[in-house]
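Please model the entire structure based on the sequences and the hints provided.
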Amino acid sequence: MKESAKARRLKRHHRRNKGQSKMNLVSLMDIFTILVFFLMVNSSSDVQVLNQNSTIKLPDSSAEQTPGDVLALTVTDQDILVNGQVVIKREVLQALDGQIEPGLKQELDYQASRSSQPAPEAGRAITILADRELPYDLLKKIMSTCVDAGYASISLAVNQRAKEGAGA
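Each step along the sequence shown adds one to the number in my numbering, with nothing skipped, and position 136 is 129.
Treat the hints as calculated values from the structure; they're not laboratory data. Please note that the accuracy of each hint is not assured.
No farther apart than 27 Å at their CA atoms in a straight line, the calculated lysine-lysine pairs in the DSS-like style are these [unchecked claim]:
| id | residue 1 | residue 2 |
| --- | --- | --- |
| 1 | -5 | 11 |
| 2 | 133 | 98 |
| 3 | 98 | 134 |
| 4 | 134 | 82 |
| 5 | 133 | 82 |
| 6 | 11 | -1 |
| 7 | 82 | 98 |
Between beta-carbon pairs, the in silico distance windows are [stated by the list, open to error]:
| id | residue 1 | residue 2 | range |
| --- | --- | --- | --- |
| 8 | -2 | 20 | 30 to 40 Å |
| 9 | 92 | 26 | 28 to 38 Å |
| 10 | 83 | 110 | 49 to 59 Å |
| 11 | 112 | 79 | 24 to 34 Å |
| 12 | 111 | 83 | 44 to 54 Å |
| 13 | 77 | 18 | 38 to 48 Å |
| 14 | 148 | 18 | 44 to 54 Å |
| 15 | 2 | 22 | 32 to 42 Å |
Nothing here was measured: the structure is a model prediction, and the numbers come from that model. Heads up, the beta-carbon is just placed ideally off N, CA and C, and yes, glycines get one too.
Next comes the structure, spelled out in structure tokens:
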């Protein structure tokens, strides 16, 4: 039986392209290189995101100054954490008669000793993340303990409120 011209052409085509099934990776590597440079350049942004518990409702503020990269003290419903590690229970601090809590001060002293930089004259910096409904007497005890441990530059974390008239 005789083959048609189309069948012979298809057979030649398959024989010719049989060994060329390799993938060209050069253009794929170029794309990934461009992607890496793009991510490196655009990864530095002006917004700082603090590790925040979803149960904490920060107060709103119209402050323009962004916080630096400092020690974070978080006050949750049950615990008080320094850099994400539980230091003391909130009930224990509320029941404390004095203004300085020894366990929290000890942890803050330890964190200060880990720092390689000497303490500035104004005191070390710390950011307190607490719910907007935190009682003032508890906040005062925390702040007094921070000052006693050498953390005199205290910042309170807030949500930045959008400027009025910035939209529309």
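Results for each hint:
1. -5 with 11: It holds: about 24 Å lies between the C-alpha atoms, which stays within 27 Å.
2. 133 with 98: Answer holds: residue 133 to residue 98 is near 14 Å, not above 27 Å.
3. 98 with 134: 11 Å, holds
4. 134 with 82: Judged against 27 Å, a Cα distance of about 13 Å means the pair holds.
5. 133 with 82: 16 Å, holds
6. 11 with -1: Cα-Cα ~18 Å, so holds.
7. 82 with 98: Holds, at roughly 14 Å.
8. -2 with 20: 30 to 40 Å: 36 Å Cβ-Cβ, so the 30 to 40 Å window holds.
9. 92 with 26: 28 to 38 Å: 57 Å, violated
10. 83 with 110: 49 to 59 Å: Given a distance of about 31 Å, which is not inside 49 to 59 Å, the answer is violated.
11. 112 with 79: 24 to 34 Å: 25 Å, holds
12. 111 with 83: 44 to 54 Å: 32 Å, violated
13. 77 with 18: 38 to 48 Å: Since the Cβ atoms of residue 77 and residue 18 sit about 42 Å apart, the hinted range of 38 to 48 Å holds.
14. 148 with 18: 44 to 54 Å: 50 Å, holds
15. 2 with 22: 32 to 42 Å: Holds - the Cβ-Cβ distance for residue 2 and residue 22, about 36 Å, lies within 32 to 42 Å.
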